[in-house]
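One line per chain: the protein sequences are S and C, in this order. By our numbering, the letter at position 92 of the first sequence is numbered 92, and the numbering carries on one by one without gaps. Take any residue in the second sequence, note its place counting from 1, add 325, and you have its number in our numbering.
FYI, nobody ran anything at the bench for these hints, they're computed from the structure. Even for Gly, the Cβ is constructed at its ideal location relative to N, Cα and C. Where hints are given, some of them may not hold.
[What the hints assert, rightly or not] Short derived list, chain C residues pointing at chain S, Cβ under 8 Å:
#1 Ala-376
#2 Ser-470
#3 Ala-473
#4 Val-735
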Amino acid sequence: MSRDSLQLARRIGWRVLAVAATLFGVALLVFIMLRAIPGDQITASLGTEAAALTPAQQAALRAYYGIDQPLVTQFFTWLHELLSGNLGFSVRSRTSVASLTASALPVTLELALLSIVIALLIGIPVGMLAAAAPNTWRDGVGQVIALLGLSIPSFLLASFLLTYAASGLGFNPNGQPYAAPWDSLSLNLQQMALPALTLGFGIAAPIARTTRTAVLAVRDEDFVRTARAKGVGERLLRRRHVLRNALLPVTTMTGLQLGYLLGGAVVVEQIFSLPGIGRQVLLGIQQKDYAVVQSTVLVIALAFVLVNVITDLAYRVVDPRVRAS
Amino acid sequence: MIRTPRPSVPQSLAAVAAGSLVFVSACSSGAGTAPDVKTEPGKGGGTAVVAMTSDPDTLMPWKATQFQAVNVLGNIYGTLTDYDKDLGTVPGLAEKWEPAADGKSLTLTLRKGVKFTDGSDFDATDAKFSLDAIRDEKTAAVARSALANVTDVAVVDPATVKLTLSAPDAALPSGLASVNMAMLPAEAATPATMTALETTPNGTGAFTFESRTPSQSVKLKRNDAYWGDKALLDGVEFRVMPDENAIVTALKSGNVHLAGINDPLVAQTAEGGDLTVTKTKQLSYHALQLKATSTTNPALKDVNVRLAISCAIDRQQVLDTAAYGEGEVTGPITAPEFTSDAGARPCPKRDVAKSKDLLSKAGKSALTIKTIVSQGEYATSVNEAQNLKSQLAESGITLDLEVLDIAAFVKRWVAGDFEAAVALNGGRPDPDTMYGRYFTSAGNLQKVAGYSSPELDALFAQGKATSDEGKRKDIYAQVSKHLEDNAAWVWLFTGNTYTVASTKVAGFTPMANSSLQSLRTTTIQ
Numbered sequence: 001m002s003r004d005s006l007q008l009a010r011r012i013g014w015r016v017l018a019v020a021a022t023l024f025g026v027a028l029l030v031f032i033m034l035r036a037i038p039g040d041q042i043t044a045s046l047g048t049e050a051a052a053l054t055p056a057q058q059a060a061l062r063a064y065y066g067i068d069q070p071l072v073t074q075f076f077t078w079l080h081e082l083l084s085g086n087l088g089f090s091v092r093s094r095t096s097v098a099s100l101t102a103s104a105l106p107v108t109l110e111l112a113l114l115s116i117v118i119a120l121l122i123g124i125p126v127g128m129l130a131a132a133a134p135n136t137w138r139d140g141v142g143q144v145i146a147l148l149g150l151s152i153p154s155f156l157l158a159s160f161l162l163t164y165a166a167s168g169l170g171f172n173p174n175g176q177p178y179a180a181p182w183d184s185l186s187l188n189l190q191q192m193a194l195p196a197l198t199l200g201f202g203i204a205a206p207i208a209r210t211t212r213t214a215v216l217a218v219r220d221e222d223f224v225r226t227a228r229a230k231g232v233g234e235r236l237l238r239r240r241h242v243l244r245n246a247l248l249p250v251t252t253m254t255g256l257q258l259g260y261l262l263g264g265a266v267v268v269e270q271i272f273s274l275p276g277i278g279r280q281v282l283l284g285i286q287q288k289d290y291a292v293v294q295s296t297v298l299v300i301a302l303a304f305v306l307v308n309v310i311t312d313l314a315y316r317v318v319d320p321r322v323r324a325s
Numbered sequence: 326m327i328r329t330p331r332p333s334v335p336q337s338l339a340a341v342a343a344g345s346l347v348f349v350s351a352c353s354s355g356a357g358t359a360p361d362v363k364t365e366p367g368k369g370g371g372t373a374v375v376a377m378t379s380d381p382d383t384l385m386p387w388k389a390t391q392f393q394a395v396n397v398l399g400n401i402y403g404t405l406t407d408y409d410k411d412l413g414t415v416p417g418l419a420e421k422w423e424p425a426a427d428g429k430s431l432t433l434t435l436r437k438g439v440k441f442t443d444g445s446d447f448d449a450t451d452a453k454f455s456l457d458a459i460r461d462e463k464t465a466a467v468a469r470s471a472l473a474n475v476t477d478v479a480v481v482d483p484a485t486v487k488l489t490l491s492a493p494d495a496a497l498p499s500g501l502a503s504v505n506m507a508m509l510p511a512e513a514a515t516p517a518t519m520t521a522l523e524t525t526p527n528g529t530g531a532f533t534f535e536s537r538t539p540s541q542s543v544k545l546k547r548n549d550a551y552w553g554d555k556a557l558l559d560g561v562e563f564r565v566m567p568d569e570n571a572i573v574t575a576l577k578s579g580n581v582h583l584a585g586i587n588d589p590l591v592a593q594t595a596e597g598g599d600l601t602v603t604k605t606k607q608l609s610y611h612a613l614q615l616k617a618t619s620t621t622n623p624a625l626k627d628v629n630v631r632l633a634i635s636c637a638i639d640r641q642q643v644l645d646t647a648a649y650g651e652g653e654v655t656g657p658i659t660a661p662e663f664t665s666d667a668g669a670r671p672c673p674k675r676d677v678a679k680s681k682d683l684l685s686k687a688g689k690s691a692l693t694i695k696t697i698v699s700q701g702e703y704a705t706s707v708n709e710a711q712n713l714k715s716q717l718a719e720s721g722i723t724l725d726l727e728v729l730d731i732a733a734f735v736k737r738w739v740a741g742d743f744e745a746a747v748a749l750n751g752g753r754p755d756p757d758t759m760y761g762r763y764f765t766s767a768g769n770l771q772k773v774a775g776y777s778s779p780e781l782d783a784l785f786a787q788g789k790a791t792s793d794e795g796k797r798k799d800i801y802a803q804v805s806k807h808l809e810d811n812a813a814w815v816w817l818f819t820g821n822t823y824t825v826a827s828t829k830v831a832g833f834t835p836m837a838n839s840s841l842q843s844l845r846t847t848t849i850q
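Only chain S is shown next, with the shape it has when bound in the complex:
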């Protein structure tokens, strides 16, 4: 084995170890936090009515929900099950968490990807336009758009779009059962359009800002000056040299946002009734469906970590300097 490949193998090994450690940390934290919240499945479902139960009834319910075991036992049983590929059992919907997640994850994944596409389509041009003429009115307009995107809460934008765009324009797939893309692509895209626009608009802002800053920074770099001196046309210069290098921080930013979206689309999924992973966690927390929350959060954490790894790789593709180091 050559020295290079040995180094690569070692690096991958460390990576895998770090991912495993991160996931274990997340698992432990979620487990503890979930149980630190007052109440359990019994108070969650019975509320104040739980006061009317006799101790024997409560004990029977605890056994029914499997929360009569000591916490340490519960944690390691869960971990053991996880390692053998079992995400657990949702006591509320009486199905496996794996099957719930299998139907919810694609919804959120599609939503996240569409949002990112929308965000990039808005964010990059706005950022570039602003950078092309810094401190002019065009820059100002770009800044204002970015500021709006950052400051309008997604629930507000979602309600606005739902009320006016959806019912006002008669474009309203809202209230129809969720259609998967492979069932009806057109209905699916209709259902996704407004939620993706809501999320995309919010993320477009940081992307526009990052693009602007990055373009301005790259423009003054030595290699750009050299290229210009060599007589490269402004257009080509902008596309090949400036934009390509400016995309570096934008890639990082996009990767981060995608990671957040995978777990953070809760509000939008809630308002637009999309059966995604965010809603699954929320419902799980409300109903104190421990297995659902624990395992879903782990899945989200895993997705986040994977997205980070992919972003890292993308970095290497875009920037040769990273490859070299």
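Knowing the structure of chain S, use the given hints to seat chain C on it.
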């Protein structure tokens, strides 16, 4: 018990109304819209799409307390008795019931020809199995306490069961109408069958379970073997839409036919056009619970202190400022047949001078009371608390508000660990099941109520012992008076729910027995 009228809240707590599954009571006219959802039935057929804000958290009727689960299961399962639209008790799977002369037993005659979804017959064996299982602590059935007086269930013949009682119990027939008392097949005695019921309900109701997609929908179809008038619809689809605004836009676009809305402001946006909005008074009530037995605040033990608090509050003001005036000032009992007179209290109008007098009579010039308030459980909780605080301040009484997350609130409330609580408690069709558990010395919510007296114990015992309607009304009027005269709590107001229906919907009565039970007479035109 606490019911939650907001969609954004822990649905777990939504409607935590174990027996008070019936959340609606009398129907009053809509806010400038049609006085009632159309009731003349049209042609049959079609599927009604009903929006609900949360997924049912269980399909097991004995354990269902969540509002959405109760609504869905009420259409699938049958109970021995039923509620009519005024929440009176009418025959269900039992055609009639007869108490013995001494009141120590109840004989129920069961309907013949009733079938479960799986085709098996319903008879006395199934009734005995169900009632015995509900009584068994190991089943952890939430309605168990309603059968507390039952000492034995016997099969007399296939169409007759006899309940032996330790004491007369006039509230029992009403209690049997709860979905938590649903009749399950005797085969469910085996764990495997019981487990199967958790995903595939097997009931005797007007609809049968068809399918469920977690967090999306539950589909029912008409039960063609139903013993009564068969449903007119081919099916019902309960669709989960967490946001009430989204529900209204879906109603407007025609994608949803019917929905219950809790937020008055959202309900307003639905008015006009192709939708009708019907306002329905709720059984659940808002109250400032005082804990006379509080160890941390012994002052509350003094009736003069409690009355001082009661006299210092203008209930209409609480309703107007905290809940946009959407509701009615109430006394203790909210059930339509037993409603308390909301003006019959020591201070029918706010009387700050009298309040101060009462306080000085108790030897106090100022008083601080720690009050727990839940955050986010229902829209108006914190506003109510703040209004109460400012009103009481004028009498020299300080409400120290402790705003808690709902889970923390429930934990403290259940443990009775508070001096006062701003609460939204669930109501029930019978005053005995509604308040017996709080205000009798042996009631299982006594430590939460913090008030009992020998007079109340005697009144509740009398109310149970007689089945004479007139006498019972009189007894519970006395209960109500006793509670107000002693300011056990401060009853404030009842809220509304709003049923929004597309004009295509006919034959739906919002305040039917168990919430959405009148879906069986509904048509979509």
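**OP:** Please name the hints from earlier in the document that this structure breaks, with their numbers sorted from lowest to highest.
**Re:** 3
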